[in-house]
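The primary structure of each chain is shown beneath.
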Amino acid sequence: MLRFLTVRLLRAALTVAMVVTFAFVVLRMSGDPAQIIMGADAPPEAVEAFRAAWGLDRPLWVQYFNYFGAILSGDLGRSMRDGRDAIQLVAERIPATLALTLPALLMKVALGIPAGIYAALHRNSWVDRLVMIVAVAGFTVPSFVLGLLLVLVFAVQLGWLPSGGQESWRHAILPVVTLGLGGAAVLARFTRSAMLEVLGQPYIRTASAKGVPWHAVVTNHALPNAAIPTVTIIGFMMGSLIAGAVVVESVFSWPGVGRLLVVAVANRDLAVVQCILLLVAATMVFANLVVDLLYGLLDPRLRNAPKRAVA
Amino acid sequence: MQCLTRRHALLAAAAATLPRPSRAQADQRPVLTIAVQKISNSNAFEPPREQSNVGFRLHGLYAEQLIGTDWLSNAELVPGLATAWRRPDAATLEFTLRDGVRFHDGREMTAEDVAFSFAERLFGTQGASGAGQTTLLAGSAGKEPPAEVIAVSRRTYPGLERVEAVDRRTVRFVNRTPDVTLEGRVAQSIGAILSREAFARAESWLAWGRAPVGTGPYRIAEFRPDTQLVLEAHDGYWGGRPPARTLRFVEVPEVSGRVNGLFSGEFDFACDIPPDQIAVVERNPRFEVLGSPINNIRMLSFDKTNPVLADTRIRRAMTHAIDRQVLVDTLWAGRTLIPRGMQLESYGQMYLPDWENPRFDPAEARRLLREANYRGQPITYRLLNNYYANQVASAQIAVEMWRAVGLNVQIEMKENLSQVTARTPGRGVRDWSTTSIFGDPVAGILRNLGPRTDAERNGEWINEEFNRTAAALEAETDMARRRGLFRRMLEIAEREDPCYVILHQAAAFTAKRRDIAWRAAKGWAMDFGPNNLRVSA
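Protein chains in written order, with the numbering used here: chain A, 1 to 311; chain B, 1 to 537.
Looking at chain A on its own, in the form it has when it is part of the complex (with noise of 0.2 Å):
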């Protein structure tokens, strides 16, 4: 166990590295962060002295060195916007943000797989046909139209919710709302197709041919074996909580991570953007750790795979 997770662990490291590099060649090559965040209007002498307070005026490959030497030592550095430190703007950021996608990933699940198992114990019926309709819907349309959608008829129709900010839970619905019909699509779509390869399968015959109850034969066979697939999804979706709301953050004027990342990102604030490539690494790590050992505890086989191997 502890060398699987070393191994993990290291593959985590260096693909943050990766991601690092890239994120600053990419940043800095294409824009200069002094020019941008001083504006058109700057004149030039504000933009160079900016760029030498910032280290800009030197070699790329010193501001890199410089830079990664930093997060070595557990700088994450400072926004070049605003003069704090990236962390701090990062940190502030995150329970807005969790509060969108934490809501939005349990109706994901409390609908989508609901309905996944429904449509697929009730195949080619009218209800499989409109789980499936509806799920086509939820996955096709972009979340910036469904999110237009909802605010045209709830907030300015019908009056009866905020169309964008964060002053109270009513601000959430929406977004949460959003978020959480798009995922549960995706969600119904494969638990459904995981379902059907399941109980196509030999042993739920046998199961069903003993004379097994049927629901004891969905509960206990076709279940926990359709889980595998539904877990790895869910564990993507974990895995994008800190900054899986870019497009509706930016719909409804959620202060969370996603728009941090989206001015970042415009500013060219290379801090505030690593620090959350950083951070939505870590969490995409943590989540695969999790599906992992989910999938262990899912299924007896893959639990004792590793002992058998060594065997």
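Note that these hints are calculated values from the structure, not bench results.
Watch out, some of these pointers could steer you wrong.
To be verified - If we take Cβ atoms under 7 Å as the criterion, some of the chain B residues that face chain A in the derived model are:
1. Gln-37
2. Glu-148
3. Ala-151
4. Thr-227
5. Gly-257
6. Asn-260
7. Gly-261
8. Asp-454
9. Arg-457
For every residue, glycine included, the Cβ atom is placed at its ideal position computed from N, Cα and C.
Using the hints provided, position chain B relative to the given structure of chain A.
Okay, now just chain B, sitting in the frame of chain A:
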């Protein structure tokens, strides 16, 4: 000691049921919510740190200058925190300060605050002259302004030697050289008068920069970056009681979000409305869109180091191929103006009313191209995705107008300004604008062209005669000679060796509830002061 009796208790209970002049009941002024695309680029409100459109919108609400600018009329200079000013000589300006002006922290403004505002606040320990400060305000140690702030300050006040507090109500500005534009420079937002004691109390320059303490009708109460800025009424305001209790600026990046929020009643104002949304908003009888041309001129600029554009005749042909009125009518619904060259009427004595843009004349454009033996060599137009309103549509129309006379201009989309101005092969045409921050060519054309400007630094356009003329204009004090020098500069930059072609004045549009009486300014500034806001009960 008086004992509490049953009678006292009953009286107290009865009193509790009577109407009380609570703060909420006494203050019936509205809380207004204003949706904007961006609150602040730098997350700071100190004017020198936020010299941008979004900064100019807010500065006047919380900070004021000795000389004000009447943005509701023609950007005339009017008394501000000074009631009068005089010129003892061409290099000196003396102000009489207004009585009874109080900062948001309750202190009365004095000449010391003015001196501070033009010393350590802008220039740090270097002082205005760069020779160092002899005395520094106690508590300001370690509060050196960021380098870019000092650079902006030096650029704005290049000749300023010192600011003296003559007495409690008199301040003297001493310049190293004569400068007829000193009044205009003092009137800029960077010249705000801020509380020196509040500066001394601040933890750092940046902390101070997030909530500077000024004298404006509203004070900064809360700022959440990229989310909202809350301004509360400053009831000690010298100009009268502010008509709104609270102004809440909320950041809504999407146009649709701002318009939807207005329709749903969440916002009272929605700013940064593109022209194509005006009809959408005004279809609803409860709302209207206000706005007009502002003190910003949009243009297309040329890189004369481009191998094709090095020939003056080709640039001249490009200036004759643009039909500005078509752009104004189709993209701006006729709601903006075409300025007479790089100047505005607010230039006053310096305005040249007889100056004409190169006329729209396709035949002349074709003739110039034939003369230059132009054979369709491509000219690159580096374009941003609507950094300016209508930028992409405007570019596409311009390219077609150029194509109609035989020019082969090709659009190349870029993501940011530094990609547009990068000194790499292919740089040819780009969009540009100039905000005249006060009424003089020094604050307009000379911010973009001439010595120490981006055009010179980037190598896009350098003209020795223009530079000499610009230097002479800056030093000249005789108005007639200044006008002559300005005319010559326009001749060079717009006709003989074209650097740009004027498109139109920029315009800013704000959607609002019809029942709110409010006028839009002829600049980026939004005025919610006592004379420009009334909300129906």
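Tested hints:
Evaluation of the Gln-37(B) hint against chain A yields a violated restraint, the C-beta minimum of about 10 Å exceeding 7 Å. With its C-beta approaching chain A no nearer than about 4 Å, Glu-148(B) sits inside the 7 Å limit, and its interface hint holds. For Ala-151(B), the shortest C-beta to C-beta distance to chain A is roughly 4 Å, which falls under 7 Å, so the interface hint holds. Contact between Thr-227(B) and chain A, as hinted, is supported at the beta carbon level, the nearest pair being about 4 Å apart and thus within 7 Å.
For the restraint placing Gly-257(B) at the interface with chain A, the shortest Cβ-Cβ distance is roughly 5 Å, inside the 7 Å limit, so the hint holds. With its C-beta approaching chain A no nearer than about 5 Å, Asn-260(B) sits inside the 7 Å limit, and its interface hint holds. Here the hint on Gly-261(B) is kept, as its CB sits about 5 Å from the closest CB of chain A, short of 7 Å. For Asp-454(B), the shortest C-beta to C-beta distance to chain A is roughly 5 Å, which falls under 7 Å, so the interface hint holds.
This hint holds: Arg-457(B) has a C-beta 5 Å from the nearest C-beta of chain A, less than the 7 Å allowed.
Comparing the model with each numbered hint stated earlier shows that hint 1 is the single one that does not hold.
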